[in-house]
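Trainee: These are the residues of each chain, in order.
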Amino acid sequence: MSAITRDEVAHLARLSRLALTDDELDHYATQLDAIIESVAKVAEVAAEDVPPSSHALPLTNVFRADEVRQSLTPDQALGGAPAVEDDRFRVPRILGEEA
Amino acid sequence: MTAGTIMPYDEALERFEPVLGLETHVELGTRSKMFCGCKTTFGAPPNTQVCPTCLAFPGALPVANAQAIESTIRIGLALNCSIAEWCRFARKNYFYPDMPKNYQISQYDEPLCFDGYVDVEVDGKTVRIEIERVHLEEDTGKSTHVGGATGRIHGADYSIVDYNRAGIPLVEIVTKPIPGADRLAPEVARAYVTELREIMRSLGVSDVRMEEGSLRCDVNVSLMPRGSSEWGTRTETKNVNSLRSVERAVRSEIERQAAVLAGGGTITQETRHFHEDTGTTTSGRSKEEAQDYRYFPEPDLVPIAPDPAWVAELKAALPELPSVKRKRLQAEWGLSDLDMQAMHNADAIDLVEATVAAGAPAADARKWWMGELARKSNESGTPLADLPITPEQIARVTELVASGALNDKLAREVLEGVLAGEGTPDEVVERRGLKIVNDEGELSAIIDQVLADNADAAEKVRSGKIAAAGALVGGVMRASKGKADAARARQLILEKLGVSE
Amino acid sequence: MSLIRKTAAELGSMIAAGEVSAVEVAEAHLDRMAEVEPKVQAFLHVDREVTLEQARAVDARLRAGEKLGPLAGVPIAHKDIFTTRDMPTTAASKILEGWRPPYDATVTARLREAGLVILGKTNLDEFAMGSSTENSAYHPTHNPWDLTKVPGGSSGGSSAAVAAYEAPLSTGTDTGGSIRQPAAVTGIVGMKPTYGGSSRYGLIAFASSLDTPGPFARNVLDAALLHEAFSGYDPMDSTSIDAPVPSVVEAAKNPDVAGMRIGVVKEFAGEGYQAGVLARYHEAVQLLESLGAKVVEVSCPSFTTALPAYYLIAPSECSSNLARFDAMRYGLRVGDDGTRSAEEVMALTRAAGFGPEVKRRIMLGTYALSSGYYDAYYGQAQKVRTVIAREFEAAYQQVDVLVSPTTPTTAFPIGERADDPMAMYLADLCTIPSNLAGNAAMSVPCGLADEDGLPVGLQIMAPVLADDRCYRVGAAVEQALESRWGGSLLSKAPQL
Ligand SMILES: [Zn+2]
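Chains as they are written, first to last, in this note's numbering: chain A, 1 to 99; chain B, 1001 to 1501; chain C, 2001 to 2496.
None of these hints come from the bench; they were simulated from the model.
Note that the coordinates shown come from a computational prediction; the quantities given were computed from them, not determined experimentally.
Among these hints, one or two may not hold up.
Claimed, not checked - With a straight-line Cα cutoff of 27 Å, these simulated BS3-like cross-link-like pairs (lysine-lysine) come out:
#1 B:1092 with C:2359
#2 C:2039 with C:2067
#3 C:2359 with A:41
#4 B:1409 with B:1481
#5 A:41 with C:2492
#6 B:1409 with B:1327
#7 B:1435 with B:1460
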């Protein structure tokens, strides 16, 4: 049985904002299936009572003082943008929630 | 937008019992943003308060603002929460153009503060609202929709985005479900948000201006049939951006859900949007797929482990909370519940308190703020606190009245002058020449003239019709342009005419 | 000896002494690049004028009597994953083609402060995802030892540039072995500092909890000098360690392992390892013993699950880190014809702008973090991470450093593993545990494999903030082997 179906790969592509072709979906389905089967080995390490590590080192409480620093100039901020209008980033229409 | 049917509120409440839930977002008033040093000034020119971090430029990293952490803990303490001994930020992953990283740094299952409560008073009854969690996250940028009909997102041709707001620290306060508010649910919701707002103010952590979006509210409502104990499906209404709207949104959603349920329908768990103009909610665009935010611990930030001794210090240093303060002031000022409530609703308590602190008697301070100034506030649509007059200035006016230098009519004119930007009360008195005529000689001369001009009325008084003295006093006030002390004038008139009351 | 054959330390002293100018040194290297780049293709971006301008500025600072570090005026090849104000930064991705950052990475800024002269931006696997540099969206890089072979990856442009004498030094980043593995297969020294020992600010993130900037050099001392130049606490990186940089230069100058306890990781040998790699590795271990070190075998059984754990943690973080490449604020935008939505344009841009390996990892990470799979995959991988860190801790109770081959095989042919991700991933088998635990680790050349005559690397692993031990052991191995070989390993490389 495969670990991941083509439909699931299509769902992952949607979640990841990747417009994949049908051929790509087939290709990735096969490869991801093999990879997932292989990485499932992590389950072999009996680790029920082991705390997970999200970080490499156990640092805590790293903060900065609430001080203002120089921002970018509008040119620096907007200079690399694909489209700009009125000092704002111009983006295609947003299929969002009605505001 | 389809206008659904509604069931009248009373009928809805006869048949169903509402369960509320509120999620409130408070923008903290820190100088710099949550994870970078950009300014947080409201209304700055677009994209002038942005940097590689808050624009999510490749390679930029977040560093948490210490003040924001402290403010969040203080909020948690003020809401009687437990403070986490150890917790982490988490990434909430979803794509949206106003969120530069396409994930929001938030907190997931390890909020900074949890399990608290706040008591609110509605209709003389205390309702305890339990707080599920208080956590810290970052705000998004702001999109403006261009083209299409009304600047709404639907039908727009494209959007333009300003990221000045992106990354401003945002505290999310989530209640546990609130059953038992019953028909007072809308008022309870409003009272809760009002209370939160005052707590934030007293802590000095945010300017909590709903109209500027620094306090925003999502309202969850579900209904269960009377006699049932099983909660219904809830909806989440967003965009509820005034206290009045909080109340209206709850009421409207109760009426709508009741009609749906009574008609045999089911409630869809969904996001709805509140419309100020109609006072109703409409369904948000239903998503193609259920959101899967793929939360995971933020690897760019290290865990927070507040020192318990520091938390204890913060707790000890909390200011007197608004509800406690209200009780104290009510007793000090000797006010009825009703009067106190009216002041609370008008947002006048802090102003009156400050006026009293500046030397005015409580009754006078209250009289001005709840009378003349409340009227001005209503007329101009300006919140009381935003009127261009200070508690110290009100105190000065009451002082002038008490000393006899002004009467109430003149005092009102002084206030008008101050509101019109003519200066301090003393400057207005000076410039407008509003001092009471308390020079006995001058007053006496005016009275003589008035008596001579109104011989008939003078004769009537002399013959015992003391009621006719009113017209003479009126004449004196007119002649003095209102600057005479009416009581003294009356006294002198009677003396001169040889009668007594 | 020509300037390009000199060590960084030598060049630094010559420049400081006024024997040669930074401009002359930069020109010598730019000329070398012009000569060999057509074959090696280590760089993505070179701008002779920008480089010479930097060199002139350093010469001026030195003339003005400014006190600069030992590497002032020395040229360096900079991995194109660090932002640079004066050169484009692409992470070898089409999605960032031509992007000019408005800010310098902390590593970049520190190179400039120390007076290093940036020769250009080096090639890499797109967003540092890969072990061969074939995943660059622009072109592959060729191993100077054999141009048909990969230079390792992801920092393959940086390793090749140093091995081809285009630069005496280069920067890399190591997420699962991306410094050590390319160093090993090109016969040079590569160091992954302790996580948090070098700043990630301005390093385009692949996997935040693993990414570590580090140095490449042709010898251990040069690597130490570069390590010292750009490492250390950075308040712009919350995961940066607020502690002094371990005394790596001093360690590199004291190649003495007498009395040191060296642990041989039992799990990293045997099946799947190239015979020639194991032969050189065992010789290196014997050599250390002959130099007075006490060698013991150490078992770290969970190290075999490091690879699967890594291929859950790194893709998970990358799926989120790379979400910002969305065609809205910078970089490529595809399909914006005025009718498509932002969502569609994002998806089209990302499909066009990311290469296959990046897409693979984004989807794998999205999968591992999805509700319903999180506990079994990402969550479990994080527990494995804890177990591995504990095994390291236990091992370091017994020994001062651990050693293993850096990589199971020598450089493989370009194209051989290009569409076989599982085979490609094996290249990082031995290097990944140190990333998961945040430890320091180095690869130092230990000879050529008999069967193909290609370089083999010895990996030296040390506890957190004990980076100096890697340098001490690495320098000892280097000194002993170079006296046996009569020169550096690289001197045996064929002429380009
Ligand atoms: Zn910023």
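Trainee: Take the hints in turn and mark each one as holding or not.
Mentor: Against the structure, the hints:
no. : hint               : result
1   : B:1092 with C:2359 : holds (20 Å)
2   : C:2039 with C:2067 : violated (38 Å)
3   : C:2359 with A:41   : holds (22 Å)
4   : B:1409 with B:1481 : holds (11 Å)
5   : A:41 with C:2492   : violated (41 Å)
6   : B:1409 with B:1327 : violated (33 Å)
7   : B:1435 with B:1460 : violated (31 Å)
The structure is inconsistent with the numbered hints 2, 5, 6, 7, although it conforms to all the rest.
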